[in-house]
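Input sequences plus hints: build the corresponding full structure.
The chain contents come next:
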Amino acid sequence: MRIELVKRKEHSSLMTLLSPLVAVGLTLVAAAILFTISGKDPLLGLYKFFIEPLTDTWSLQEIIVKATPLVLIACGLSVCYLSNNWNIGAEGQFVFGALCGSFLPVIFPEFANGATLPMMLLFGAAGGAAWAMIPALLKTRFNTNEILTSLMLVYVAGLLLDYLVRGPWRDPGGYNFPESRIFSDAATLPVIGDGRMSISAPIAVIVVIVLAVVLAKTLKGFEIRVMGESPRAGSFAGFSAKRLTIFAFALSGALAGVAGTMEVSGSLNQLLPSISPGYGFTAIIVAFLGRLNPVGILIAGFVLALSYIGGEAVQASMGVSDKIASVIQGLLLFFVLACDTFILYKLRFVKKRKAVAIGEASHV
Amino acid sequence: MFEAVLLTVITAATPLLIAAIGELVVERSGVLNLGVEGMMIMGAVVGFAVANQTGSGTLGVVAAIIAGMAMSALFGFLVLVLVTNQVASGLSLTILGLGLSGMIGEAFIGVPGLRLPELYIPVLSEIPFIGPVFFQQDAVVYLGFALVFAVSYVLFKTRAGLVLRAVGDNHTSAHALGYSVVRVRFLAILFGGACAGLAGAYMSLAYTPQWVENMTAGRGWIALALVVFASWLPFRVVAGAYLFGAVTVLTFHAQAQGLGIPSQFLSSLPYLATIAVLVLISANRRLTLVNTPACLGKPFVPDR
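Chains as they are written, first to last, in this note's numbering: chain D, 1 to 364; chain R, 1001 to 1304.
Don't read these hints as lab results, they were simulated from the structure. Don't take every hint at face value.
As the list claims (entries may be wrong) - Capping the alpha-carbon separation at 20 Å, the derived lysine to aspartate or glutamate pairs in EDC-like fashion look like this:
#, chain 1, residue 1, chain 2, residue 2
1, D, 323, D, 312
2, R, 1298, R, 1169
3, D, 323, R, 1106
4, D, 40, D, 322
5, D, 7, D, 229
6, R, 1298, D, 229
7, R, 1298, D, 4
8, R, 1157, R, 1169
9, D, 323, D, 52
10, D, 323, R, 1169
11, D, 346, D, 10
12, D, 217, D, 229
13, D, 40, D, 52
14, D, 40, R, 1106
15, D, 346, D, 322
Put into structure tokens, the structure is as follows:
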């Protein structure tokens, strides 16, 4: 017996809807196995990881706090991936954007008025876009592989942040802790609710809506999809692959930069040596789980934010390593990719053919 | 002093060399496995854990190789059987490896490690200067060089190598000639996984004999860049690995000298050097196009 993939005549719309659900289901099974291997009750583990965080308002707010940067970054990444630009350095663009966005409140703390926040967000967007421009320009100018260059810049941005908060940007009144000064109220995003949730969450929702409209209804959206699926056809339509590469990287860098600035200004209120639990990488999973579709990304962002909170919850209550969250995230991406195969292909089971004599084969 | 620097360059270059030579074979078969970092870190943690539990460095190395192969088999199943996107699948392998290694390694943080013993080649190791540098290394260093020679020989002088390159350059023709593209690629992926696992074990058993979370620190990615730098030729991987080994060691020494340059700037040098090298190589189209496997990263579904 052998298993073969057979191409479907057209995309299976049933599988398009079903595949993320199946992937989540398989991940739950794998998570249960992981809990069992760690010597914990799998059902209790699943409950603490996936259900309990949804039952009280504090952790629900925390989920939204974590989903916000994921959704923003993933929206930008989806434009990159749809157009075949492999930006995997969003983590670096997030960090560099946060640095640029923090420039004003750290260096000019006296500059505190109504213009502070908009300018910070603008600086953050520009910084993230500039950091993303490096791999984009190297790709269009020198044909350099953008996967590797964008990733290398993640390490560079992280080291730059580390240098600044330990060196020139360290809080002068902070007892030598590696932290920047705390941002003034004018540089802090307005809070919603009683937790750490700020207006960054509704901003992310607006971005999702705008992107959904742009992708579905505008020429730009059409260009992005055509250049991804058939660059040759796109070039006949007058679209330029190079210009689109610049556009996609600039957009995703800017969104990651805004996300970084809002994380610093809304949730942390200062710069720390580490400002992201890997949002830029997790957002890659969000983009794929959300089928590179803005609305899907919004839902997927919640699922992956839940995995962060769930990881913290099982560590606190059951003594399981919080690393289980990133294992579950990696498994989820695996299953999503595997299940997506069945949108384009179906499985066929064939019995092993016996060797046929040459004469017989000609009749077949 | 110079001798000591040269010795550290060799230890810094060896994991890069081994991981890159494995990935070179994978890419020659037409598959891009971006999961090197994930397989390497799994090799590092499993190698450390097994060596620590059994007291045998050899068993640790063997276990690390198996761990790397197991990870790569997962990747192979996805991209070859289910024909998933290779870039995304490789990334998921890295994310999974980083998480899983953190979970396994939690019990081993701060545990003193085991260093692989050095092999003294008789007579040769007693030559002044040359002896200590070239003939008093641990077995993995020699193995790394043996791998380069073996890979170069198999790729360019044997029938198996010809088939592998054919599969990487034109999978449709290779399939039409009756070669099993999927099988050849799966074996290549397993070889790449074994090399990445070995490279990881070298990190935690020889380079810095301890377990630190994320201790590979992007070396898997640098190995991927080295394959491009080497324009898919085995002996150029040696040059690239030693160049990067030298850059890494140089930054250590510059930090120790206290030249007044912030340590973070020095630490970012290997990553910046990777970008610079990639740009220099890819700007030269003639150099890259000749050896790039034509089917690199392209999915293959056999039609029967």
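Here is what the structure says about each hint:
About 9 Å separates the Cα atoms of residue 323 of chain D and residue 312 of chain D, which keeps this hinted pair within 20 Å; it holds. Restraint check: the Cα-Cα separation between residue 1298 of chain R and residue 1169 of chain R comes to about 10 Å, which is no more than 20 Å; the hinted pair holds. Of the supplied pair hints, the one linking residue 323 of chain D and residue 1106 of chain R holds, its CA atoms being roughly 9 Å apart against a limit of 20 Å. Among the hinted pairs, residue 40 of chain D with residue 322 of chain D is consistent with the structure: their alpha-carbon atoms are about 14 Å apart, no more than 20 Å.
For the hint pairing residue 7 of chain D with residue 229 of chain D, the CA-to-CA distance comes to about 17 Å; that is within 20 Å, so the pair holds. Pair hint residue 1298 of chain R plus residue 229 of chain D holds up; C-alpha atoms about 14 Å apart against a cutoff of 20 Å. A hinted pair counts as satisfied when its Cα atoms are at most 20 Å apart, and residue 1298 of chain R with residue 4 of chain D qualifies at roughly 19 Å. Between residue 1157 of chain R and residue 1169 of chain R the CA atoms are separated by roughly 17 Å; this keeps the pair inside 20 Å, and the hint holds.
Of the supplied pair hints, the one linking residue 323 of chain D and residue 52 of chain D holds, its CA atoms being roughly 18 Å apart against a limit of 20 Å. Taken as a hint, the residue 323 of chain D and residue 1169 of chain R pair is broken in the structure, with Cα atoms around 40 Å apart against an allowance of 20 Å. Straight-line distance between C-alpha atoms of residue 346 of chain D and residue 10 of chain D comes to about 11 Å, which keeps the hinted pair within the 20 Å bound. For a cut-off of 20 Å, the pair hint linking residue 217 of chain D to residue 229 of chain D stands: about 18 Å separates their Cα positions.
Restraint check for residue 40 of chain D and residue 52 of chain D: the C-alpha separation of about 17 Å stays at or below 20 Å, so the hint holds. Using a Cα cut-off of 20 Å, the hinted pair residue 40 of chain D and residue 1106 of chain R holds, with the two alpha carbons roughly 16 Å apart. Our distance criterion of 20 Å between C-alpha atoms is broken by residue 346 of chain D and residue 322 of chain D, whose separation comes to about 37 Å.
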